[in-house]
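Listed below, chain by chain, are the residues.
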Amino acid sequence: MTNENLAVRASGVSKTFPTKAGDVVALTGVELTVEAGEFVSLIGPSGCGKSTLLRLIADLDGATSGELEIFGKPAAKARIDQDYGIAFQQAGLLPWRTVGGNIALPLELHGMAKTARATRVTELAELVGLTDFIDRYPDQLSGGMQQRVAIARALAEQPRLLLMDEPFGALDEMTREYLQAELTRIAGETGAAVVFVTHSIPEAVFLSDRVVVMSPRPGRITDIITTSLGDVRDEALRESPAYFERVTAVREALHGAPVERANER
Amino acid sequence: MHRDGFTPPGWVRVVAPVAVGVIILALWILIVDVLEAAPRALPSPVAIIEEFIKRFGIISEDMGITASNALIGLAVGTIVAILAAALAATFRPIDGMLAPLVASIAVVPIVALTPILNTMFGASSQFGRLSVAAIAAFVPVFVNVLRGLRQTRPVHRDLMRASAASGMQTFRVLTLPTALPYLLSGIRIASSIAVIAALVAEYFGGPADGIGTSIATYAKSGRASLAFAYVAGGIAIGLALFLVTSLLERVATRRKPV
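First to last, the sequence lines map onto chains A and B.
Position one of the first sequence corresponds to residue 691 (the numbering used here), numbered consecutively onward.
Position one of the second sequence corresponds to residue 18 (the numbering used here), numbered consecutively onward.
Hints in this document: simulated from the structure, not taken from any laboratory.
All figures in this text were calculated on a predicted structure; none of them were measured in a lab.
Worth double-checking, as some hints may not be accurate.
[To be verified] With the Cβ distance kept under 10 angstroms, some of the chain B side facing chain A (calculated, not the full set):
1) 168
2) 170
3) 175
4) 195
5) 274
The C-beta atom is built at its ideal place from N, Cα and C for all residues, glycine as well.
Could you build all of it, start to finish, from the sequences and the hints given here?
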């Protein structure tokens, strides 16, 4: 059986961090597949291992045990082949490079010719709506704009998989909602699969085809909820009953029981 | 300290130090020239300026000697410091080997080594003075560069790994630019130290030239105004080097981290 159509296939994946006080199990028994082009969110409280799982997929850390394949390859090979792009909670832009220079960084590292690079940077800046800011420096941009630069950089090599670790976590609510809508558009246009780590229930539901609910001590997947909200994710969706119903479903999955206190997150 | 309190307008920051200078100069003239209350070793500023202009030929010659000693020492010390810091940052054991050495260099008054170095390289050579300036400049550059090479942020390191960057690429694209402001801070600090070291080293022998030698000679022979004119020349060297290196540092740090 070939797994090349699966963006991510994790089977029995676990991660243990050795510490002086003994081993800490960050993640255990993870079974997860992400289809090509699918949008999947990982949600859960602090310490549930959602970021750890993303770092394993990105091969920024190695799994202690289990099998992890990205488009049918081991994670390390997928990283070397640049099958994924990644964006973090901090935009992580290099302050001495312009917006264009930051977007071009991966292309430069992989030896793309200068003219081809310039063309690609122009395309990407347009995709994230920063055409007029290409010569600015990161310290001249707002937090939301910096994060858009980071997304453009992640998309530079036209990856089929986009990994995002709470990319909108540090932004205000208005910017957040705007960038969420932008992200669904960009994901649709590029056809990339997305694995998106968040601790916001509405964000997870609004963006995702499936929401993976995780739980701490030890970090594991406790539930996977299919949103079935269709391909169009616009502002009207945020006020639809179907959306609220899914938000409630994810909330109940997170708390392990129907929520009685409505004011609790 | 309340930071939101009164901030003086821009012109005050320029005028205030100038005013202080003018007041001190006026007091100096008052005490020396008008009241004639100063000892003979303290000449009038007017006399110092006159000497400086009249003897500018020989003063500038000696300034050239001391300045080139300081500059070459600064350059050599900086290059050696960068190489040593790069090694120490890359290989932990080398860091452990260098740390006590650098600490001992930092606490020993380097100019005290001058008589030894002069004997080693011959009293007619500038080499003893040069090496004193180089050793003195080495320490702040080494300490700052080593620190700078360790300032890369985790998010940037993750980014480089996720982009499948090689070790060399990571060094060129991330580690080096991150360390650059630290390097320039080190050079700025080292520039003043190098001038002081080169000048003071002249008091401990070597060829009969340079600012320090002249100050000692003319002070001893009672030509106080000329000695002070040489002091002014020494200040000019230090100030020029400090201004240039400060400017370089400002250029390198104009982009705030985000």
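Taking the hints in turn, this is what the structure says about them:
1. Here the hint on residue 168/B is broken, as its CB sits about 12 angstroms from the closest CB of chain A, past 10 angstroms.
2. Hint status for residue 170/B relative to chain A: holds, with the closest Cβ pair at about 7 angstroms, below 10 angstroms.
3. Checking residue 175/B against chain A by beta carbon gives a least distance of about 5 angstroms; that is within 10 angstroms, so the hint holds.
4. Interface restraint check: residue 195/B against chain A, minimum CB-CB distance 9 angstroms, threshold 10 angstroms, status holds.
5. Interface hint status for residue 274/B: upheld, as the beta-carbon distance to the closest one in chain A is roughly 5 angstroms, under 10 angstroms.
Consistency note: the structure conflicts with earlier hint 1 alone.
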